[in-house]
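Q: One letter stands for each residue in the lines below.
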Amino acid sequence: MFFDKKEQQVKEFMKKHLEKIRECLALFEKTISIYLDGKVEEASVSSFSVHKKEHEADEVRRDILAQLSDGAFLPFIREDYIGIVELIDKIANRAKTVTQTMVIEAPKIPQEMHADIRTLTSKAVMTLEPLIQLAEGPLLDKPKSMALIQEISAREQAADSVEFKLLKHLFQEVNISLAEKIIIGDLIKLISEIADAVENVGDKIQVLISKQAV
Amino acid sequence: MFFDKKEQQVKELMKEHLGKIKDCLTLFEKTIGLYLDGHLEEANVSSFNVHKKEHEADEVRRDILAKLSAGAFLPFFREDYIGIVEMIDKIANRAKTVTQTMVIEAPKIPQEMHADIRALTSKAVLTLDPLVQLTEGPLLDKPKSMALIQEISTREQAADAIEFKLLKHLFQESTITLAEKIIIGDLIKLISEIADAVENVGDRIQVLISKQAV
Amino acid sequence: MSIRRLNALILLHPEGALVIVLAKLFGGLFLGWGIGANDSANIFGTAVATNSVRYKTAVILIAIFAIIGAVVEGPKLYPGYRFDEGTTITMTLAFVCTFAAALTVLGLTYLGLPVSCSQAAVGGLMGIAILGSGLGGANWVKLGGWACCWVLNPIGAAVVAFLVVKFVGALLNRWVRRIDILDRVYKTGLLVFGCYGAFTLGANNVVVSTGPFFQAGLFGDPARYQANHAALIAAALGGASIAIGALTYSRKVMMTVGQGITLLDPFSALVAVLAHSVAMHIFTEFHVPVSSSQAIVGAVAGIGLSKGMNTMNSKTLLTIFSAWLLTPFISAAISVAIAWGMGMGR
Numbered sequence: 001m002f003f004d005k006k007e008q009q010v011k012e013f014m015k016k017h018l019e020k021i022r023e024c025l026a027l028f029e030k031t032i033s034i035y036l037d038g039k040v041e042e043a044s045v046s047s048f049s050v051h052k053k054e055h056e057a058d059e060v061r062r063d064i065l066a067q068l069s070d071g072a073f074l075p076f077i078r079e080d081y082i083g084i085v086e087l088i089d090k091i092a093n094r095a096k097t098v099t100q101t102m103v104i105e106a107p108k109i110p111q112e113m114h115a116d117i118r119t120l121t122s123k124a125v126m127t128l129e130p131l132i133q134l135a136e137g138p139l140l141d142k143p144k145s146m147a148l149i150q151e152i153s154a155r156e157q158a159a160d161s162v163e164f165k166l167l168k169h170l171f172q173e174v175n176i177s178l179a180e181k182i183i184i185g186d187l188i189k190l191i192s193e194i195a196d197a198v199e200n201v202g203d204k205i206q207v208l209i210s211k212q213a214v
Numbered sequence: 001m002f003f004d005k006k007e008q009q010v011k012e013l014m015k016e017h018l019g020k021i022k023d024c025l026t027l028f029e030k031t032i033g034l035y036l037d038g039h040l041e042e043a044n045v046s047s048f049n050v051h052k053k054e055h056e057a058d059e060v061r062r063d064i065l066a067k068l069s070a071g072a073f074l075p076f077f078r079e080d081y082i083g084i085v086e087m088i089d090k091i092a093n094r095a096k097t098v099t100q101t102m103v104i105e106a107p108k109i110p111q112e113m114h115a116d117i118r119a120l121t122s123k124a125v126l127t128l129d130p131l132v133q134l135t136e137g138p139l140l141d142k143p144k145s146m147a148l149i150q151e152i153s154t155r156e157q158a159a160d161a162i163e164f165k166l167l168k169h170l171f172q173e174s175t176i177t178l179a180e181k182i183i184i185g186d187l188i189k190l191i192s193e194i195a196d197a198v199e200n201v202g203d204r205i206q207v208l209i210s211k212q213a214v
Numbered sequence: 001m002s003i004r005r006l007n008a009l010i011l012l013h014p015e016g017a018l019v020i021v022l023a024k025l026f027g028g029l030f031l032g033w034g035i036g037a038n039d040s041a042n043i044f045g046t047a048v049a050t051n052s053v054r055y056k057t058a059v060i061l062i063a064i065f066a067i068i069g070a071v072v073e074g075p076k077l078y079p080g081y082r083f084d085e086g087t088t089i090t091m092t093l094a095f096v097c098t099f100a101a102a103l104t105v106l107g108l109t110y111l112g113l114p115v116s117c118s119q120a121a122v123g124g125l126m127g128i129a130i131l132g133s134g135l136g137g138a139n140w141v142k143l144g145g146w147a148c149c150w151v152l153n154p155i156g157a158a159v160v161a162f163l164v165v166k167f168v169g170a171l172l173n174r175w176v177r178r179i180d181i182l183d184r185v186y187k188t189g190l191l192v193f194g195c196y197g198a199f200t201l202g203a204n205n206v207v208v209s210t211g212p213f214f215q216a217g218l219f220g221d222p223a224r225y226q227a228n229h230a231a232l233i234a235a236a237l238g239g240a241s242i243a244i245g246a247l248t249y250s251r252k253v254m255m256t257v258g259q260g261i262t263l264l265d266p267f268s269a270l271v272a273v274l275a276h277s278v279a280m281h282i283f284t285e286f287h288v289p290v291s292s293s294q295a296i297v298g299a300v301a302g303i304g305l306s307k308g309m310n311t312m313n314s315k316t317l318l319t320i321f322s323a324w325l326l327t328p329f330i331s332a333a334i335s336v337a338i339a340w341g342m343g344m345g346r
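Protein chains in written order, with this note's numbering: chain W, 1 to 214; chain P, 1 to 214; chain X, 1 to 346.
Hints may contain errors.
As the list claims (entries may be wrong) - A partial selection of chain X residues facing chain W, derived with a Cβ cut-off under 7 Å:
| id | residue |
| --- | --- |
| 1 | ASP265 |
| 2 | SER268 |
| 3 | LYS307 |
| 4 | ALA337 |
Claimed, not checked - Pulled from the structure, derived: some chain P residues nowhere near chain W, Cβ distances all over 12 Å:
| id | residue |
| --- | --- |
| 5 | ASP63 |
| 6 | GLN100 |
| 7 | ASP129 |
| 8 | LEU187 |
In short, the hints are calculated from the structure, not lab data. Values in this document were obtained by computation on a predicted structure and should not be read as measured data. Just so you know, even glycine gets a beta-carbon here, dropped at the ideal spot from N, CA and C.
Can you build the whole structure from these sequences, using the hints too?
A: So, in structure tokens, the structure goes:
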């Protein structure tokens, strides 16, 4: 409609933002895979592209904030949109932190853990999918939205269980120094935190939905 | 004016609060300087001063919260003021954590990293300036505020860049044990987090500013 | 008019002492009380529920300004408050129609159904008009006109709210750039517009409480020169009943209505009250009592629309339709039934 131009723009920007995040996570998964393949140099380059994408997402985030501060939506709703945008942005931040930490600390990850780390990474990245559907579909369709938020949660738990398995193996069975275990363990936790970051967005969207039910 | 006495008091107290935070960060920078100079005893005393200042800030915070809950500002804005004050207080908490961790763990930091750690510390402390300006202009002209929030972000990124450089050097070139690297690396991350804490305040203020638009 | 004269008119009325007058007025005063109790929430509900204005402050302001509105603008509506031009409205009929409306309000409220006091009152009035002049003699055209106003009321409030958000909002965005000043603007605005809201509520709705009794000549012959004085006394009494309703029984509704629309920020809250009051004020000038609740629902919808949001769900629509159709109909039916029971049918 002609009188909600600002609101439509925000929604467009948010789609664009999420698209950047999706690209960022794809690069993130690729970087981890390259690193596990032993191509440390390439991983370093790839990690830089994650960083670049995160920066692009950040710029879209600023556009959204400017539009919101200009009066899109009612203030109570606006506040939630800001929260959501900030939280979405944090997903890319965390991806950047993981790849950066990985190429900086360059830990030697035991071969037998590679498969599970790939799984964890892919599971963490997959939490984003229902979030994108959530943002694309009408937020007002409550049951559908709730189901998608539930789906994010379920996927986050799937990632969690892989994380648990990995950490247990790492600390109880692997034969490396404790310092190395700490480094690798922290990395695993960081990867898993990406799923948490996505789940946080879902939770925040739930608040928005509950408010829109006038 | 007589009918906004409480609001004026909140603003005065917020200035006082930020003054304390500034003092705290100055003491924090001094403590790190002393530690790097090898004056461990003095650093210990200085670290205690950081703690004391953090406590003073905490008391001002409580005064502000009391004033707010006594009815300063409409509840619509009040919750943001509360959020902002809490986040400002966290800056001092983090500073305390850094100096405390440092004097407790007393890591031997390689000489060649000293200059960069000093630079990181000073960059992290410098993020506070635009925040002080942001709250001194009485929250505030919108474009000016947005520019200052952006400035905080820029300064935070400058701190980030040094953090990245330091960690890379630490993990890839330094010859100390991995455990020592972890301890020093965590300390570096903690220092850098002070800039993040300041940036978080900026983000929170963004929410308040956005509520200004109708 | 001096207080003494007012006293004299009430106490020395041929029908007897004040107590008797008040007893006869019961139905009407109950309606006034119901308006004060229910509709205060439309005016200060959001502000009170979000702790922006104290409950005590709110109800005292409502009481004062509802009485001022009733006395200053309210008397205009009294002469035209009837649907049968030819017959005489007796005290008993006035009692019947207000009592029927009061019963309707109580009953629908008990059943948890939304209800508009003013529309119940008008239904009751229509009932006695049919009773007095027959189905053919009642002024259906006038009733139709009023019903149109009831439809236009929320729509008008929505349009006003929409325009205020768009234009005043833009100006406010340009001029007020500091939170502390904005905070003060909002605080002042909530109080000022709240007072205006109470004023228009008193002005527009007071007639439904004591209007039939005015027509019955309780306060003086409505057809004669003292009509103005009579309407003034009637409006003062009705205004007082609205004030008492606000002071004694508005807290609960205020909290629930206010929390139901917590979507509203201070700016939207004051726009909603302003748009509500403008609509009420306009219909006061047309001498038609309209529903305060429907005006506020319309205003909120207008605000939502200006931000691309739909605040109207099936429940709010049901609210409006049941108040439009059900309330006056039931009230008219009860009114006729009671009169018939008392042996007044034709």
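Q: Does each hint fit the structure? Answer for all of them.
A: Taking the hints in turn, this is what the structure says about them:
1. ASP265: holds (4 Å)
2. SER268: holds (6 Å)
3. LYS307: Because about 5 Å separates LYS307 (chain X) from the closest Cβ in chain W, which is inside the 7 Å limit, the hint holds.
4. ALA337: violated (38 Å)
5. ASP63: Given that every Cβ of chain W is farther than 12 Å from that of ASP63 (chain P), nearest at about 26 Å, it holds.
6. GLN100: holds (21 Å)
7. ASP129: holds (21 Å)
8. LEU187: Holds, since 15 Å exceeds 12 Å.
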